[in-house]
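In order, the protein sequence lines correspond to chains Y and S. Under our numbering, the first residue of the first sequence carries the number 1, and numbering increases by one thereafter. Under our numbering, the first residue of the second sequence carries the number 1, and numbering increases by one thereafter.
These are computed hints drawn from the structure, not numbers from a lab. All of these numbers come straight from a predicted model, not from anything done at the bench. Every residue, glycine too, gets a C-beta built ideally from N, C-alpha and C. Among these hints, one or two may not hold up.
As the list claims (entries may be wrong) - Only part of the chain Y face toward chain S is listed, based on derived beta-carbon distances under 8 Å:
{"hint": "1", "residue": "Ala74"}
{"hint": "2", "residue": "Gly97"}
{"hint": "3", "residue": "Glu169"}
{"hint": "4", "residue": "Ser173"}
Stated by the list, open to error - Not close to chain Y: a few residues of chain S, all C-beta gaps over 10 Å, as computed:
{"hint": "5", "residue": "Met1"}
{"hint": "6", "residue": "Asp2"}
{"hint": "7", "residue": "Ser102"}
{"hint": "8", "residue": "Asp133"}
{"hint": "9", "residue": "Glu196"}
{"hint": "10", "residue": "Glu208"}
{"hint": "11", "residue": "Leu210"}
{"hint": "12", "residue": "Ala279"}
{"hint": "13", "residue": "Arg293"}
{"hint": "14", "residue": "Arg359"}
{"hint": "15", "residue": "Gly372"}
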Amino acid sequence: MKKIAAEILREYGPFPGVDGVNGVSFDGRRVWFASGDTLSAFDPDSGETLRTLDVASDAGTAFDGTYLYQIADAVIRKIDPETGDILHTIPAPGNGGDSGLAWAEGTLWVGEHRSCRIHQVDPDTGEILRSIESDRFVTGVTWVDGELWHGTWQDNESDIRRIDPRTGEVLLSVEMPSGDGVSGLESDGGDRFFCGGGDRAIVRAVSRPRTADAER
Amino acid sequence: MDSLIVAAARALSLGDPLAALKRVGLREDAPSLALRGIAMAQLGDVARARALLRSAARAFGSREPVARARCVVAEAEIALVSRDLGWAMDALDGARAVLEASGDRVNAAHARYLGARRLLLIGQLDEAERRLDGLDAGALRPSSRAGCWLVAAGIAMRRVRTKPARAALDRAARAAREAGIPALIAEVERTVRAFEAPAARLVSRDRERLLGLGAVEALLASDALIVDACRNVARRGSDRVSLASRPVLFALLRALAEAWPGDAPRETLLRRAFGARHADDSHRARLRVEIARLREEIGPLAGLTATKRGFALQPVATETVAVLAPPVESDHAQVLALLADGEAWSSSALALALGVSPRTVQRALDALAGAGKVESFGRGRARRWTAPQIPGFPTSLLLPASTFNR
């Protein structure tokens with residue numbers, strides 16, 4: 001496994017009235033983050049908060065192109081980002097031990113924190129389609145350009161790692177400075193990751209290393 | 001963190017332990033055990049809370065040293081609140097070192113504050129102050145900042161320093177309001193009342209007068225010869241003679257000081273020192289021996305002269321003699337003073353705090369219980385003692401600490 005140090009591009013926040021960031025997603029225009037009682041969206045260019053929905057949000061957040069998905073307690077809820085209405089609810093695969101959430105190719109990917117696993121889940125039924133093992137506690141999960149990335153956060157040490165979705169092998173580890181936890185992870189589809197700041201009320205933009213970096 | 005842990009932690013921070021238990025009550029992983037422990041502590045089941053936090057620390061193990069250290073700190077805090085002072089400081093210091101090294105300033109500072117608070121309770125003022133000095137106060141949560149200023153106020157009060165005590169209490173009150181926790185605000189108010197209540201009684205031949213802490217401080221700074229019955233010492237300025245282990249000599253000295261500038265009749269001295277109702281020859285002989293011993297002990301501070309009917313105190317290098325006594329004098333006043341904080345104490349914690357043997361404390365507790373002044377609940381090691389709150393009963397000068405030697 002190759003390791004490189006994370007390049008932090010920008011910090012958003014601290015957001016007032018927020019204790020910590022539990023999940024992060026990106027809808028192409030706005031960055032959404034989960035903070036317990038609310039889902040908030042901000043503009044990644046201006047940093048300005050655009051929208052706040054009153055939704056229970058204890059862990060990961062995802063976006064399927066139209067709707068948001070949000071983990072709270074032991075369920076995953078499908079939410080209309082314009083109205084905040086809950087459209088559908090499925091059980092979370094880790095039965096509440098769930099952390100990160102990502103959308104890719106018609107399925108949900110759910111990190112199970114202390115079990116160090118990522119589950120692929122049917123978004124209609126909640127059925128587990130398959131599971132990948134990691135060797136660290138999984139926080140956020142995201143897919144970009146066919147690459148599966150997940151955050152880890154274990155005892156004050158955190159990294160963002162790219163793994164082989166078939167074998168779970170770690171291909172690259174982007175290490176965060178000690179104490180900077182990653183809770184929630186989402187790619188902007190380009191060169192940036194948005195990372196939840198853990199127990200701090202911030203979201204960090206971290207540079208996504210190009211595949212060439214990883215293979216150098 | 002996973003979904004239920006985050007939800008449970010949020011419930012706990014909002015003071016809703018039942019909502020937290022609903023989420024993690026059946027889980028056995030390390031973070032769940034820790035949150036269950038904190039929930040049980042909020043619900044008042046201290047024993048269960050400590051057992052859970054200990055299991056959590058074990059479950060985190062060496063793979064997650066920072067999380068384990070946080071459990072150790074939480075357990076120490078619960079022990080402190082339940083007045084169990086017997087725990088090892090080493091474990092807390094070790095946890096603090098781990099937290100400091102990992103950059104967890106908030107919990108590291110909290111651990112340091114807890115250590116200082118325990119040291120204050122057991123009367124180790126110097127060591128408590130050293131810990132406060134090294135404390136990163138800016139990192140503390142408002143709730144622990146209030147506690148931290150209470151420790152600083154407690155140290156200043158035990159050392160009879162009014163100004164810093166007042167300043168620390170003001171800061172404690174501000175931090176408690178900022179934290180918005182009613183119990184904490186009440187604790188600060190209780191300490192302010194203790195600070196403003198009479199700290200000692202000035203006893204002289206004709207009258208008695210209650211003194212506030214400021215008046216005690218002024219008296220200690222004067223050149224008077226002070227016979228201090230809170231601590232069984234005689235002092236003038238920085239010179240002091242301790243008679244803590246010589247109760248007969250101290251009783252004689254106190255009787256002589258209370259009679260000053262006159263003399264104390266033999267009958268009075270015999271009654272005060274030996275409880276003798278009448279004076280026979282053997283009593284007189286024994287009095288002569290004890291007076292000779294006392295003369296030797298307090299030589300630098302005062303002389304003793306024989307008078308027609310007894311003895312008189314002749315202070316050296318001062319024109320004033322003052323007797324300082326506890327505001328309320330009763331048997332086992334020190335034990336009552338500690339219990340007056342309204343908390344439940346174990347007898348071993350009382351023994352630690354008073355610096356006496358557990359047997360001595362047990363005898364005092366049995367006597368007080370017989371007189372209906374204290375109550376106990378629980379059995380064996382879990383037995384705890386409480387006293388009905390006595391309003392305004394001061395604890396300041398009664399705590400066994402090296403107050404007057406500084």
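Against which earlier hints does the structure fall short, listed by number upward?
When the structure is compared with the hints, numbers 3, 4, 5, 6, 7 turn out to be violated.
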